[in-house]
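Knowing the structure of chain V, use the given hints to seat chains C, Z and A on it.
Chains as they are written, first to last, in numbering that gives the first Met the number 0: chain V, 0 to 353; chain C, 0 to 353; chain Z, 0 to 353; chain A, 0 to 353.
In case anyone wonders, no lab produced these hints; they're calculated from the structure. Nothing here was measured: the structure is a model prediction, and the numbers come from that model. Please note: incorrect hints may appear among the correct ones.
Some but not every residue of chain C turned toward chain A, in silico, with C-beta under 8 Å [what the hints assert, rightly or not]: (1) Ile7; (2) Pro218; (3) Val347; (4) Cys350.
Every residue, glycine too, gets a C-beta built ideally from N, C-alpha and C.
Protein chains: 4
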Amino acid sequence: MFNTFGRILTLTTFGESHGKAIGGIVDGYPAGIALDMEMIESEMARRRPGSTKLGTARSEKDEVKILSGLYNGVTTGTPIAFMIENTSQISSHYSDIEHKMRPGHADYTFQAKYGIRDPRGGGRSSGRETAARVFGGALAKQLLSSFGVSIGAGVIEAAGIKATSYEWNPPFPPPLYAPDCPERESMINAIEKAKEECDSVGGIIECRASGVPVGIGDPVFGKLDALLAHAMLSIGAVKGVEFGSGFEAARKRGSENNDQMRMENGEVRFLSNNAGGILGGISNGNDIVLRAAIKPTPSIAREQLTITDTYEDTDICVHGRHDPSIVARAVVVVEAMAALTIADALLVRRCYER
Amino acid sequence: MFNTFGRILTLTTFGESHGKAIGGIVDGYPAGIALDMEMIESEMARRRPGSTKLGTARSEKDEVKILSGLYNGVTTGTPIAFMIENTSQISSHYSDIEHKMRPGHADYTFQAKYGIRDPRGGGRSSGRETAARVFGGALAKQLLSSFGVSIGAGVIEAAGIKATSYEWNPPFPPPLYAPDCPERESMINAIEKAKEECDSVGGIIECRASGVPVGIGDPVFGKLDALLAHAMLSIGAVKGVEFGSGFEAARKRGSENNDQMRMENGEVRFLSNNAGGILGGISNGNDIVLRAAIKPTPSIAREQLTITDTYEDTDICVHGRHDPSIVARAVVVVEAMAALTIADALLVRRCYER
Amino acid sequence: MFNTFGRILTLTTFGESHGKAIGGIVDGYPAGIALDMEMIESEMARRRPGSTKLGTARSEKDEVKILSGLYNGVTTGTPIAFMIENTSQISSHYSDIEHKMRPGHADYTFQAKYGIRDPRGGGRSSGRETAARVFGGALAKQLLSSFGVSIGAGVIEAAGIKATSYEWNPPFPPPLYAPDCPERESMINAIEKAKEECDSVGGIIECRASGVPVGIGDPVFGKLDALLAHAMLSIGAVKGVEFGSGFEAARKRGSENNDQMRMENGEVRFLSNNAGGILGGISNGNDIVLRAAIKPTPSIAREQLTITDTYEDTDICVHGRHDPSIVARAVVVVEAMAALTIADALLVRRCYER
Amino acid sequence: MFNTFGRILTLTTFGESHGKAIGGIVDGYPAGIALDMEMIESEMARRRPGSTKLGTARSEKDEVKILSGLYNGVTTGTPIAFMIENTSQISSHYSDIEHKMRPGHADYTFQAKYGIRDPRGGGRSSGRETAARVFGGALAKQLLSSFGVSIGAGVIEAAGIKATSYEWNPPFPPPLYAPDCPERESMINAIEKAKEECDSVGGIIECRASGVPVGIGDPVFGKLDALLAHAMLSIGAVKGVEFGSGFEAARKRGSENNDQMRMENGEVRFLSNNAGGILGGISNGNDIVLRAAIKPTPSIAREQLTITDTYEDTDICVHGRHDPSIVARAVVVVEAMAALTIADALLVRRCYER
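Next comes chain V alone, as it looks inside the complex:
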């Protein structure tokens, strides 16, 4: 219930940033798929700290060990467990602030909820947990690929600078994982500037799924957009999500926002995609389009007011190797959660195929 995502295809994750290992179990994955290990490796690399100049200076190896569910490299239909040992963690970075609640982090809420917390690096609420999602997402993508579905995401806004015109041809290159647009360089510079100023910035990630057949997702509480919204907001730094015309839909008239339809060569064609590929919770054959808002990294090397874990006022300055923005590294995490959600919905759909 708490650490499991999905209904038929599920990912359960475990691990704290400075514990022995993080990892998870992918269950409900079909048998008979020869996993592409290089693809998994390359997906893990996209999220790995230290992989780009925009990120933290931490260099984690993030080597994934698969413990079960494979026989001669082929999935057997049984649970695929995997782990990534924590090797590069330097807990001493946290000894200064062990007893302080970092603003914008879950320190206070964990302490209040559980009466205990692992103070090293955020423990369970560390972004490091998302490495397990990227592994799960890589498997989901391989499954989706066999159904002709592809998922791509990119940064379309960072530090308040929006990409104005771009083509959508993912995957997009590091360090920003943004589409080629006039503003890309400025975004990168703004992130670096924030770092110099001991501050951080956020951004917006767009994610699109292409090739999703009509009929995925269910009316009412199993709406595909509801499941994707759950998926996105389960990522720690995400503070909002929208589909298709999204919040702008609220400002449009029905005559503008409705996607009209025509037949074209025997296929249904929508004249626009304000719906973001989902009508009444069910995919309509268009690209599924969503955007997730990423907040600025809360760990900053500046004085901030806070309290201790014995509930006294104090100040805090979070040193350590933190990303000035996690928007770039979150791209592959957004893709992973979208892939897991859509793959699950696609399997559920198969129960009812006529």
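Frame of chain V; chains C, Z and A shown alone:
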């Protein structure tokens, strides 16, 4: 899986807009609560069509019959089933367009998914289904009330006009269910104007939950904001959701967006609420604040291009008694879904109370 | 969680024996199935009180109203809600014993759990709740039938008298719903004798599912026999369940109990069926065979020692119209739960069909 | 869905007998419990192969590594992942029979279901998977212990020899883990004799939970006995389960089988425990009593008829280090599953405590 929401406290809904009845089952509701029937009645009235000049001219009675789970007016811990008979539906309004796919509606996706659909009034994907949610929400609110939690929502933007300054003192009055603000009258006029022009408009609803204790929600996939996002996007017309500073967080620096903390009279106080009351998926004691974007009503009495259910091009003009904007009537639905989500999370939390 | 059974195909039930109605919601049922209403009616009749001389003298009409999920008699893929109004209940029968805990019933545990209970006729724990299961089972059987699966059950032991030799050709006839065997008449007489003596008896029901394809059910916690065991023990009067050679397997040697295999006309044939059609939790193509032990009806018109709801010693004699044995009426309930379980597992299996 | 057990407190397991590791994730476990590692170690030892003369000659070390969820030895409320590396497996034992379907095993059903299987030692359906359950059960027992609940099981029948008179004072000693009874030595001899004769035997395990408060479990589909039945039948070798008087209830009269009640020193006392501690699915404060039937080990060193994985007739003789009976080693597994089920139900109950 498909028509059930929640984990411990669940709402399962049923019914098509022009079938015999709509309704549902609330399960996991605590025993021993004397239900306030007038409150339920008054919640239902807030959603009911024809209740305000802004809405449709349809006048539905929406009389709820409770079928089980009560003994002498007190809940017994067993499932509370309820139904609302469909009495005022005029299916002939739909005979013209029975074979046409209404743009912006789920007609095409239902037909493609199921190979069959109830063409009368949207069938299962009709907004009428939300009446069952309002009933469930009313029960959730009564439960929350016993824990000191209250939920209120209001329209803060309609037809592109934003409320600029207002106090938050819900419930807000009909017809718009918006807080008292300089723009309220303009919003109402803009909705009426859209109606005159055979068009429709959308808007944004803010919802706040007060009195939520610290520690509700879970890290990772059970994050309270993830559950709320799922809840919101399960409402047909919602195209986006954000928490606290939301999409604006993406444009702020960490130093601005972090909510700093101080002790005040032995209580933890946050100096701001950019987090929207949730840190790491767990409530922090602040008001939970979210906003949902409502798209313009897709049913409009204008010519639009579409296709038939035998996949040929056609035009459509959706007559009938439709709301020019559903933003006002959606306020109580947003509250209901927030209440169900938070009440469920609160019950889950109790398992672990020390 | 509490009143819902199944994973993809679910049945949620509601209702107390003397409330307004009982009923439920079947969710996840495929679209496009023209329901056979006569078959539903005839299934309901098999469970209905007063239908045979062995049962209670109560005559309930048990008319089912379908409230949703059908369009022109064909399922639409949306939830199928149904209700049976309680019309023949005579609550006055319970006024004598309203404050007494009936031995063998859930009166005491309900009172202790909820602090409140509906004392009329057992309330939620009444056998009347199983009418909703019979309806759900009828739908499941119709679905299974389209996959070539049939379910049949019969009484093979009553009042301690075992059927010795019989052919398995269900459905079996009332009043006992037992296969034609030398002991059938004695069983019926023994039940009638118990009634005359103001006592009650139990029995054993065997249930077989034929035509279940190989590969249904999952290893580990989703084993088909585990799901069926859950299903059977969810029926109030069932105190045990066994599969294939069952408890006798514990007394056999491996060399006797293993089902050896041979190819026959290109098909796998097992030389015996001690496994009851399930190996490692997965159907093996043989008939699935289970037996459920039904306890004697706890309501008897004899003095028994008990306590009041204010926790004082008292005596009780449960008058009213009770079955001297519910084993006959439980036959269709056992079938219904088996059908729901297997239909659900079959749909889940389809997700992974190659 | 497939490899997860429980609702609030869940155990998800992974691993094949001859893969890299087996293990699992315990989720929903309360924070703040200092785990007793010695107790876990000693529970693991009870199941470990080679630990008694009755079992297999395989000697597995079964060292458990906890990967997450602990901070300074105390649970933090986050998922507790654990693994046991497979070190002593000798896959060559299986090369002879790699392409043969072992009778009584899941070889054929796995092959038919997945189109692929790990032929080494049963793969996922190996009894080795239960080591993960024993770990989960050890944690559940520690949690239950803090609520005053204790779980004990023992062999009460083996090779057709029933224990006649015994006291219930678990834990019972190896090698048979049976209560002290006149027949214990004969049971042990019968198992050894079966081994000499290249055959195997089964048995019956009784399990009792003491100290379970009144009110655990839910009416209808969440009945505590239904959940326990699911738990028991999820153990590979279990072919039947019964509660209280169980199958014998079917042969009793209501007047014998009902547990009458009296007040005694202000406490409710049942004059018998035919119900096995559960009435209407809810615990009644008595000991919960269940019995599980264990089939004889299917792996026997005798010629048996079977087929190959290319569907041709063949013979098989399963050499290797197999238990002549797994009834002794299954005792701790039965306890573990009972503990997980009751601990979960107890946490669920807490949501509603008044």
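Evaluation of the provided hints:
A distance limit of 8 Å between C-beta atoms decides the matter here; for isoleucine 7(C) the minimum to chain A is near 6 Å, and the interface restraint holds. For proline 218(C), the shortest C-beta to C-beta distance to chain A is roughly 7 Å, which falls under 8 Å, so the interface hint holds. Given hint, valine 347(C) at the interface with chain A, holds; its Cβ is 7 Å from that chain's nearest Cβ, closer than 8 Å. A least Cβ separation of about 4 Å between cysteine 350(C) and chain A falls short of the 8 Å threshold, and the interface hint therefore holds.
Hint violations for this structure: none, all hints satisfied.
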